[in-house]
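The primary structure of each chain is shown beneath.
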Amino acid sequence: MSELVVTDLVAGYGDARVLHGLSFIVAPGEICAILGPNGAGKTTLLRALSGMVRGRGSVRLGGTELTGRSPDAIARRGVAHVPEGRGTFMPLTVEENLRLGAYVRRRRTGVDADLDRIYTYFPALKSRLRQTAGSLSGGEQRMLAIGRALMLRPRLLLLDEPSLGLAPLITRELFRIVRAINEQERTTVVVVEQNAHLALGIAQQAHVLETGRIVLSGTAEQIRADEQVAQSYLGYRV
Amino acid sequence: MRVSVIGCTAMLLVSVAACGGRGGTEPGATASGPCQGQQATGITDKSLKLGGIYPLSGPASAYGDIPKGIKAYFDYVNAEKNGIGGRKVEFVVRDDGYQPPKAVEEARRLVEQEQVFALFQTLGTPSTTATWDYTNQHKVPQIFVATGASKWGTDTQHPWTIGWQPNYISEARIYAQYLKKDKPNAKVAVLYQNDDFGKDLLGGFKRAIEGSGITVVGEQSYEVTDPSVDPQMRNLAGSKADVFLNVTTPKFGSQALAADAKNTGWNPLHIINNVSSSITVLKPVGFENVQGVVSSSYYKDPRDPTWNDDAEMKLYKAKMQQYAPGADPNVPFFTYGWAVADAFNKTMSAAKCPTREGLRDSMRSLSNVQVGMLLPGVTMNTAAGDGFPIESMQLMKFKGERWELFGDVIDTRKEFGPLTG
Amino acid sequence: MAGFLQQVVEGLGAGAIYASLALALVLIYQFTGIVNFAQGELAMFSTYLAWQFTAAGLPFWLALVITLVVSFAGGMLIERVIIRPVEGAPELTVVIVTVGLFIFVNAAAGWIWSFLIKDFPNPFPEGALTAGGVSVGYSTLGILGVVGVVMGLLYLLFQHTKIGLGMRAVASNPGSARLVGIRVGWTLALGWGLAATVGAVSGVLVAPLLFLDPNLMGGVLIYAFAAATLGGFDSPVGAVVGGLIVGVAETLAGAYVGFIGSDLKIGVPLVIILVVLLLRPRGLFGRAVVERV
Amino acid sequence: MSESAEATGSPVTKESGGRAARRWRVPVHWRPLVIAALLVLACSAPFQLVPFRVFQFTMVLIYAVALLGLNLLVGHAGQISLGHGAFFAVGAYSAAIMLHAWDAPYPATLPVAAAVAFTLGLALGVPAVRLRGLYLALVTMAIAIFLGPLLKRFESVTGGPMGLTLAKPEPPAWTGLAEDQWLYFLTLAVAVVAFLVTGSLLRSRVGRALHAIRDDQAAAEVMGVRLSFYKTLSFAWSAMLAGIAGCLYTWVIGYVSPDSFGVTLSITLLAGLVVGGLGSFWGPLLGGLFVMFVPSISQSVNDAAPGVVFGLLIIAVMYVAPTGLAGLAGRAAYSIKKTLRKE
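Chains as they are written, first to last, in the working numbering: chain R, 1 to 238; chain P, 1001 to 1421; chain D, 2001 to 2293; chain C, 3001 to 3343.
It is worth saying that the hints were derived from the structure and are not from the lab. Be aware that a few hints might be false.
Claimed, not checked - Covered stretches of chain C (chain P as the covering partner; in silico rule of three or more C-beta atoms under 8 Å from a C-beta of chain P):
hint, segment
1, 3162–3173
2, 3234–3248
Stated by the list, open to error - For lysine-lysine, the following BS3-like pairs were computed, each having C-alpha atoms within a straight-line distance of at most 25 Å:
hint, chain 1, residue 1, chain 2, residue 2
3, D, K2162, R, K126
4, P, K1139, C, K3168
5, D, K2162, P, K1397
6, P, K1181, P, K1206
7, P, K1183, P, K1319
8, D, K2118, P, K1283
9, P, K1181, P, K1399
10, D, K2118, P, K1317
11, P, K1283, P, K1314
12, D, K2118, P, K1262
13, D, K2118, P, K1399
All C-beta atoms, glycine included, are put in the ideal place defined by N, C-alpha and C.
Build the full structure now, drawing on both the sequences and the hints.
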């Protein structure tokens, strides 16, 4: 339950700058959706938040400055990033993957309880504890990645394109679970998503990115209501 | 790009036509006086420049100790004896990593860039083979090469190249001679290194036992890249031979000695070749395990207390301490280097002309030349038709903590006749 | 029959030597995905350290412990100082850095300790155990035992400790490992340290049999590569089994197949490898990656 | 190798051959100029230098031809070989045996050496195609290890461990060249042709197919690239170039022995290529220069243990230029150009 304050965040790869000074605030326990076309810098934003990409400016989580820290240091401060794609440890078993999520937790107590909790969210994982992550289907791997992120007991959860490549039914289920997690654990969530409809369905507020700048901000309802915006930026009809 | 290629070809043709080659190679210095017209590159009244090629890097680096012994000798001679005949010796050492192409490069560097008077030692048969056409075409003495291949002495096309140490075939003859006397019906098992050295020695041995009651009942080879010769030793033990001929280089020599000692069911007479007969090879195996091992030698072992009062040995130890501080004079490579450098000194001093031709003639007409570090009775002799400076060796047996020489010095030329290709 | 069994036993002894170094190779490979050409030379250098300690008068076992500790620290230091700067470079660049390290360490050892062979104390008693006409040297038994124990310890470390789990995570996906909070850099250094320690054990086991010189591990390394390839480069168990198979195969071929003889026996494990790889490209024990797209 | 999503691509060369090298390349329109200047320099050099230097540059060219072949395989097709010393040896021995046993005229040995190496490459390429990355590297290394004992075994043909000593090609009288110059020009001519032919091969469909395989094998397969065909072809072509280099070696050194072509040669070649610059046009040449000259430089720095310096230099070059000297040179050219433009 921490507030995320992003101020003038600039980031990129080598000489190529991708983010040109982003500022926004996510209130504790809220879900914030980041929308926008391909190449807008959504993934880079998440990477900058988790330290995978060096950024300038300021990212503060619950008052702690995160910019300039390494990804593992940021993870130790309670930021869990579920990257695009699978992002699991394929040769390791499902259980090992989940336990790795709790790697930075010093006390072992509660880890087993948390595992049980993950299984209630994702019952499909429980039956595959001893299988390697590589043998799971795409949807199961995504669940595993999110489950692993939750094992960190994150203060901030970053989700990158959770729906990518998943069947619509599974995607809806996944978003329902994200919502449930957010409600039960009061975790602050930033979700990047192509499928704006789904994202806006669970988010309290949203920002639209285009070529590295925020071009529109507002509550989920406002964004959804703005039909013109929806057409030009989000590429779908309400 | 195609245009430039054509352009270049045209330019090439033009330039070739214009220059007609390299406008003649620049003539080196020549001598005057009675030796007029002979090559005097790299030599003046006050200086003498020599070049040597050794493996200082790579797997054969152990031999890199030899030039240190040579340098110590030359430093001593320069400082205390006013050089060789008033000429201070400069000894340039280059590294070939035991690679023939590298040896060719370094030989050319020494001759063309460093302008050395002579190549004093190239090490190893491959490196020497790769360079001797070059040195002989350019009429540069390649003296006392550090390899025991027989071809340095038998070949007639390369008068500028000569070996020094007893060749492997002569050494094999010595062991054959010994066995004929002591064990006329010996069944011999041989372990040999699968290269020119091993093949030469084994071949020489086989030829030397022809017509005698001695038979080779087992042969096993190893590669220098093998980790261990244990498997070979096991197979040889199965041959039930009563003599074991150990034709190896130092590390494998130790391994073979240890394997023989460990195998209590097989106790052949163990003959180890000169290359591996150094105390530094025997000591790691444990002296108690190498009693009675037979070998042969031609120079004095600094570890052997027999030579404690020997003048040359005392000089060697003192001067090594002085000019190569930190180097252990007991290392046989240093001794070898010292001895061969002394041999060079004697050969150079005997030259009638201080020229390359003079050195060639001198090294091909050595007559009973004494070298202090060689065993008493071992002298250097060459002549027309005899390209082997040292052909005598003496057998020795390991007792206690040292080698004991036994029998007389054997002159293989006398015993077996000259070696021919 | 006894003769044949004897050859098998000797083959196992040789194989155990290859396996011990293969373990170190596999360790590094698991972490970094590179083949460390310098592994054998590092092991050789550690062995010289042990020799130096015993030559200074320390009792063998104390010298061994100090050597292992120093090797561990040295391995970590090498990762931090030499490998770290090229961490993001293409893998072949890192491999070539290890080739440079190989040349450097070999020459440095020769420089410091000379190329003359040294006599290294054997931790195991002389003699052999004889049963049914087959005798097994205590050295062979000792090496087999130590290799087995090292393999077991590695297994426990990897499968049953949190740090081992973290190491496997780094090996499989360094990016995701960072995201769960693992200090990847230090874990890699830890991997190098461990490999150097295992290598030191290997060197100390091998030196009394092969005699210590700077080229101690040159020949062994090639067989260790063969062992690791055969067993699968990502499996410690595979490395050991691969090593034993290679040892037995070359020994038997050298002893019994007349045409092959001792000069061509090295070809036998190589042919086995080729055949195994063509049938099972991941090696005998290597994990096939099951990826569902 | 990590089994992350990237694992499907080639493990080796993505970086070096791709982004970095391409960005820093010598600008295209400069290239013919640079090449022409170099060729002029190369043609006039033997008239200016002492024979010993000419010999050194001959060896550089020989290594460059071998590295060109290796570059095709490693840099362009993304397959690692630690056995190119073996193909080099096969070329060298083919030539040597022809010269020695049949007194063949030496120009005839070049096509035969090339053909033998090509055929062997083809034969080994078929199984090699199934292997990838590290495993291919180790299998090829196995070939390099095994070749030495094999050559020693067939003593009647190969001269066994003693090797074969041969006469060097004599310069024809009309050229008026010295032996070292003649050998140099022979080598130069072969090297230029090898570079031209390989260059145009890479620009053709074959090159594009190889790059596709290197960058993403799975995708290339989907796109319909005949994987096994191109991989085998690149393997054989690469072996052939190594064989040609071996043949030149025989001409120039006039002596072949099994122990000259050990694993060390294969590893040296690979190191030379990576140091020179993987997948880049100039890499083989720079690698050849490195392999030839750096060991001597090392000795002048530290007489007692040249290996200490040589090892450190390899590491140092990889620090300064992780994508090889070609990348470094290109980067220098790029920044010079940038500065010039600014002024």
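A quick look at each hint next to the structure:
Judged by the Cβ-Cβ criterion of 8 Å, the segment 3162–3173 of chain C is covered by chain P as claimed, because 4 of its residues qualify and three suffice. Coverage of the segment 3234–3248 of chain C by chain P is violated in this model, with 0 residues showing a Cβ closer than 8 Å to a Cβ of that chain against a need of three. Straight-line distance between C-alpha atoms of D:K2162 and R:K126 comes to about 21 Å, which keeps the hinted pair within the 25 Å bound. A distance of roughly 17 Å separates the Cα atoms of P:K1139 and C:K3168; the hinted pair therefore holds under the 25 Å criterion.
Distance restraint check for D:K2162 and P:K1397: the Cα-Cα separation of roughly 62 Å exceeds the 25 Å cut-off, and the hinted pair is therefore not satisfied. In summary, the hint linking P:K1181 to P:K1206 is supported, as the alpha carbons are separated by about 16 Å, within the 25 Å threshold. Restraint check for P:K1183 and P:K1319: the C-alpha separation of about 43 Å exceeds 25 Å, so the hint is violated. Our distance criterion of 25 Å between C-alpha atoms is met by D:K2118 and P:K1283, whose separation comes to about 9 Å.
About 21 Å separates the Cα atoms of P:K1181 and P:K1399, which keeps this hinted pair within 25 Å; it holds. In summary, the hint linking D:K2118 to P:K1317 is supported, as the alpha carbons are separated by about 22 Å, within the 25 Å threshold. Pair hint P:K1283 plus P:K1314 holds up; C-alpha atoms about 23 Å apart against a cutoff of 25 Å. For the hint linking D:K2118 to P:K1262, the alpha-carbon distance of about 19 Å falls within 25 Å, and the restraint holds.
With a CA separation close to 21 Å, the supplied pair D:K2118 and P:K1399 stays within the 25 Å bound.
Figure legend: structure checked against the earlier numbered hints; hints not met, in rising order: 2, 5, 7.
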